[in-house]
Amino acid sequence: MQLNDEVELLRKVALLAGIEPAKLKLLAFTSQRINFDSGQSLMRQGEIGDAAYLILSGEADILVDAGGGPVRVASVGRNGFVGEMAILRDEPRTATVTAITDVSTLKITKESFFQLIEDSPKIAIELMRILAKRLETTTIDLTGARARLRAAGMEEN
Amino acid sequence: MEPSIFRYIWRYSRSSQLVVLALVAASLPFYFLMLDLPRAIVNGPIQGAGFESPDATAVFLGFSLSIPGFLQEMFGTAKWTLFEGFKLVRESYLLALSCGLLTLVAINGIFKLQINTLKGRMGERVLRRLRYQLFDRILRFPSSHVRKVRQAEVASMVKDEVEPLGGFIGDAFVQPAFLGGQAITALVFIMIQNLWLGLVAGAIVLVQAFIIPMLRRRILELGRQRQLAARHLAGRVGEVVEGALEIHAHDTSHYERAEITGRLGHIFRLRFEIYRRKFRVKFLNNILAQITPFIFYSVGGYFAIKGRMDIGQLVAALVAYKELPTPVKELIDWDQQRLDVQIKYESIISQFNPEGMIAPELQDPDLYDDTPLEGMLTAIRVTLADEIGVKLLDGVSFAFDVRSHVAIIGPVNAGQEYLGLVLARLAIPSGGKLSLGGRDMALMPEAITGRRISYAGNDSVLFARSVRENMLYGLMHRPLTEPVIKDENPKHEAMERREIMRSGNSRFDLRADWIDYAAAGAQGPYDIENQISAALDTVMMGEDVYNLGLRGSINADEHSLLTENILQARKVLLEMLQLPEYAALVEPFDPERYNQNATLSENLLFGTAVGGAFATAGLMDNDYFQSVMEQTGLTPVLIRMGHSIAETMIELFSGIAPGHPFFDQFSFIAADELQDYQEILNRAARLDLEFLPLHDRRRLAALTLDYSEARHRLGLMDKALEQRILTARRVFAAGLPDSYRGAIEFYDPAKYNSAATLLDNILFGRVIYGQAEAQSRIGELINGVVEQLNLRWEIFRVGLNFNVGARGRFLTSIQRQKLALAKAILKRPDLLVVSDAISLLDLSSQQQIMHNIKQHCQGRGLIWIGGQPDICKNFDQVLVIEDGKIVEQGKYEDLSRNGGHLPQLLAVG
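If you're matching them up, the sequences are chains A and B in order. Sequence positions in the first sequence follow our numbering and run 15 to 171. Sequence positions in the second sequence follow our numbering and run 194 to 1102.
This is chain A alone, in the form it adopts within the complex:
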């Protein structure tokens, strides 16, 4: 696949919508195309991460191990963006992402990612929106979980 085809693909990613083609081209040029076979992991929980992945095709599971073995918490498909937390915070990965079909990705390094945000504040806003959405989901989940625990009379108080 040539650079220009990749740019076409990138234009269809929600997060990158509205960004001028030249910037997308730079993003594509400074990023590596990486293919994962079904069953291979894009990242593993606890590892130090230096890149995020934009999924161009295929599907992957997000697994979290809280001590009792990996639990599937979500799945991502085309246009999904994973691993950005680790490069924003320089912390170990909080989840494992494993391909369940053959997955084609664009590996976006920390430098490319920050360059992109610097160039296009729109992305930063979009990113905030996504993170806020996630926080909301997590909060709702947490509240629900607490309520269930209370109902079961297990929460200490």
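Don't take every hint at face value.
Label-pair ranges, simulated between beta-carbon atoms [what the hints assert, rightly or not]:
#1 Y775/B - E73/A: 21 to 31 Å
#2 E132/A - K352/B: 43 to 53 Å
#3 E973/B - D155/A: 38 to 48 Å
#4 Q789/B - E132/A: 31 to 41 Å
#5 Y775/B - D19/A: 39 to 49 Å
#6 D155/A - P773/B: 36 to 46 Å
In silico SDA-like links for lysine to any residue, alpha-carbon gap of 25 Å or less [what the hints assert, rightly or not]:
#7 K944/B - I693/B
#8 K124/A - H853/B
#9 K39/A - R904/B
#10 K121/A - N790/B
#11 K121/A - N1091/B
#12 K121/A - F856/B
#13 K124/A - T1005/B
#14 K124/A - Y900/B
#15 K136/A - F855/B
#16 K37/A - L907/B
#17 K124/A - I849/B
#18 K121/A - H905/B
#19 K39/A - F855/B
#20 K39/A - G852/B
#21 K124/A - F856/B
Source of the hints: derived by calculation from the structure; they are not laboratory data. Ideal placement from N, C-alpha and C gives every residue a C-beta, glycine not left out.
Given chain A's structure and the hints, the job is docking chain B onto it.
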């Protein structure tokens, strides 16, 4: 060291100085004769005195002694003629005297040559000694001082600032004697001709000799300030270079520019002031020098007219006077140099004379004895203060068996690192006493502490040598064999030894084998690598060194067995890559195929460049490469391709700030060249590509060299072009001129490539882009092959040759820590102090290494400082330090239950 440079010079070169001074004294009579001869020439043959009759002759070279009156009766004559001489007529006499003058000039020249040669050698010897002594002092600096000094300044003092001293050393005594002797001889000579002229000349010389140096004194003071300012500038520049990251991190580059501007301004003012004063002095000097001839011509001429002086005397006085300014001026210069050098010497000496220097006796190499350290290690109120009196350790007392394993723990910055330094005798307590087996540790020679005790800190320094040499560094205390001297000229060798003695340098020969194999538990050179390997494994560094070996290269001629094995590994790997699970990982080099994952120039050359001739940077300018491009018709294709790359690069990178890492990582065009390429594109828009200037065309074509379709995906390659490049590859190899034979190692499936790494030789291809985990899977594959063929040890040995770079900068910071620790354990010390030495590693590696080290130190002492507090449960003894004081000592079982300091630390940690 001697406070005055004169005393220093005299002390170390007395006998040579006396020899030269004697030579100077011997030269002065000849100098006098040389001055006197012009008088004889003018008065005799030229003016005709003694040649009144045409056939008169004069005696040349006659030599007789006047006999004093009271002895004349005894000899019966007033003159004792030793040599009758030659009787010569007027013209011959003139010629003879002139030749005599020439001979005297030559004799004086030879004297000067001899004196200068001896002076030079003397100066170099003392300079060598001075540098050696300064270096010796650096080796004896107390650790507190070492932390304080700026390395660049000390190094520049040893290197540059002593240099002018060297020039002066030879002159120190000889110059005043020689020049003063000449000046006085000339003055006396003038006085003999005419007292008055002599007195005038003497008076002016005195004025020059006193007033001018006085004026110059201020210049010297300024010169000293200039030197100081320059040294600070050097120190500052060094600091900036070291702190470059800080500067970028805080955008303080302009502050630094302003700071340096201020310093340069200060230096400018000093230098300009020096110039002004210098030229003023010069002006005065010239005036004084010109007044004398005026007096000589007028007064001397007057005397000659009146007949109170003959013409010969006047001419001789003038010649003598002409000789006078040179020695006087040089004497004045000498005096200035003397002050200058004295100041420099003092400023250097003061830097090399810190308080608490390690006494030379402590470094006596002969004070080693074989008995292991044993007994109690006892501290009684040990205190360590820094230079401003802050107590880093405050009355520390404890006692434990030196063979026990002790953990020292405490909160951050409680002084544990200083305790580590004191225990390894790397810092000497400023108060209290530390004794080992009843001996005061402060008085133990380094020959014992440096061999029986080992220390690894968290910033141990590695030298720019190989891993092997860094490991062995801790075993090289003194030469253990006679030096191996290969086909040296014995005369040269003897002279070298003599010079070493004369300048008081080290008597130890670097060419001997210094390695104390026994200390590491090895028999000799052949099995020391086993010990090195074991030590590296103890700190979990063996794998790292093996990997360095994979990335190292070897010369096929010197390692024929290993290269054969590597070729075998290449074959085995190639077979494994055929298996379906490893398909699409590596694209092997195939002489008949274009390698999609290699760059265009790699495909073209199909080899590794050796040296600069075929390096990518200048490849397009290489004449042979050019001719191949022309011959295969590739030139216009590459130019078109380069044009297209340039367009894309300018589109992508124009908006990026120069200095952004993207340029290094991704761009084909450096930030500062973007503009040039933009201009080339502008020109290309008006002209056809083929009409562009040659330089432009080459620059465009050069962009294609690093292009790889798989990686860059600009869609510039097609099958047809690949075929043409394959043709060019064949043409290039077939026609390679002999002069370029050594400049490239071709990829040959059946041959080892000495210019490439071991890894590349095994892989013999390029990793295919875009495969997840390709690197680690290939790593596993190669490890498998290496195990199968049993190559691990040999590759590890290649890794030992890896040069770690200055301060080990070619290693990761974790590798640096591990290597430093491995170095410390290789000599199997009786007491090992590990002070925060593996702080950068992850916790489980720290745990593992600690257990390995404890194992390694069984039956010998170990002091462990730093790490998680709970590690102390593995140790015999625990010392808890807080705020520079030991607050608890005991067994872990007792301390952890007593509700004291240890449980608190454990709770926080």
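- Task: Taking the numbered hints from earlier one at a time, note which ones the structure violates and give those numbers from smallest to largest.
- Result: 5, 7, 11
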